[in-house]
Amino acid sequence: MIDLLKNRVLILGLSLVVLGGCSATDTQPDEPADDQTMTEESTSETQSDSEAYSAEDGDGVSSEDMSAEERADQMRQEAEQKAMQAANTIYFDFDSADVRRESRSILEAHAAYLAADDSASVVLEGHTDERGSGEYNMALGERRAQSVARFLKVNDVSEDQIETVSYGEEKPAVDESNEDAWAQNRRVEINYE
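Numbering-wise, the sequence shown is residues -24 to -1, 1 to 169 according to mature numbering (1 follows the signal peptide of the UniProt record, and there is no 0).
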């Protein structure tokens, strides 16, 4: 379970490194070129950039309208969103609905995204391991989903963007009966709609 969390943190970190490598920098050509060659190259680059960002209905944004900083910011936001959606499982201790300290940064990232985009919504699915009665596990799964919902609401997410559901022990992530499997089954899955 800890390895899974480390993998998710690694994915998020790698996404940020890739974005850092995509930043725009001013470079000088190695050899001076004559003015006519430079003008022809810059004209063709501008045309192809504009075509890449244009749309037939006029809703596209040309590269002329979007600065390098804005493009980098857009790419960063898209990468953060993909990384955040990859880290969509929050794990819990045995018989607990308390959000773990190590899960808070993941939830804060989800909250920031949801607060910034009020058209986005999530379904929080609460799950448990197989131990305990079916009725108890349904209630525990609901408490876990509600715990994550409270965390998101405290971090400026609208209640209208959140739905909770409990599956109890009905949908295990790992269908085995051992400590590792149980630890992976005690979770809330964050699913974007």
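For the record, the hints were derived by calculation from the structure and aren't laboratory data. We put the CB at the ideal spot given by N, CA and C, even for glycine. Some hints could be false.
Said to hold, decoys possible - Have a look at the derived ranges for each label pair, beta carbon to beta carbon:
#	residue 1	residue 2	range
1	ALA44	LYS147	38 to 48 Å
2	SER43	PHE70	47 to 57 Å
3	MET51	GLU111	46 to 56 Å
4	MET51	GLU155	14 to 24 Å
5	SER95	GLU45	40 to 50 Å
6	ALA44	ASP94	25 to 35 Å
7	SER153	ARG47	45 to 55 Å
We went through each hint and held it up to the structure:
In this structure, ALA44 and LYS147 meet the distance hint of 38 to 48 Å, their C-beta atoms being roughly 45 Å apart. A hinted range of 47 to 57 Å for the beta carbons of SER43 and PHE70 is consistent with their spacing of about 51 Å. Evaluation of the 46 to 56 Å hint for MET51 and GLU111 yields a pass: the beta carbon distance comes to about 48 Å. At about 41 Å, the CB distance of MET51 to GLU155 disagrees with the hint of 14 to 24 Å.
In this structure, SER95 and GLU45 break the distance hint of 40 to 50 Å, their C-beta atoms being roughly 25 Å apart. Between ALA44 and ASP94 the beta carbon distance is about 29 Å. The supplied range of 25 to 35 Å therefore holds. SER153 and ARG47 have their C-beta atoms about 51 Å apart, which keeps the hinted 45 to 55 Å range intact.
Going through the hint list in order, the structure does not satisfy hints 4, 5.
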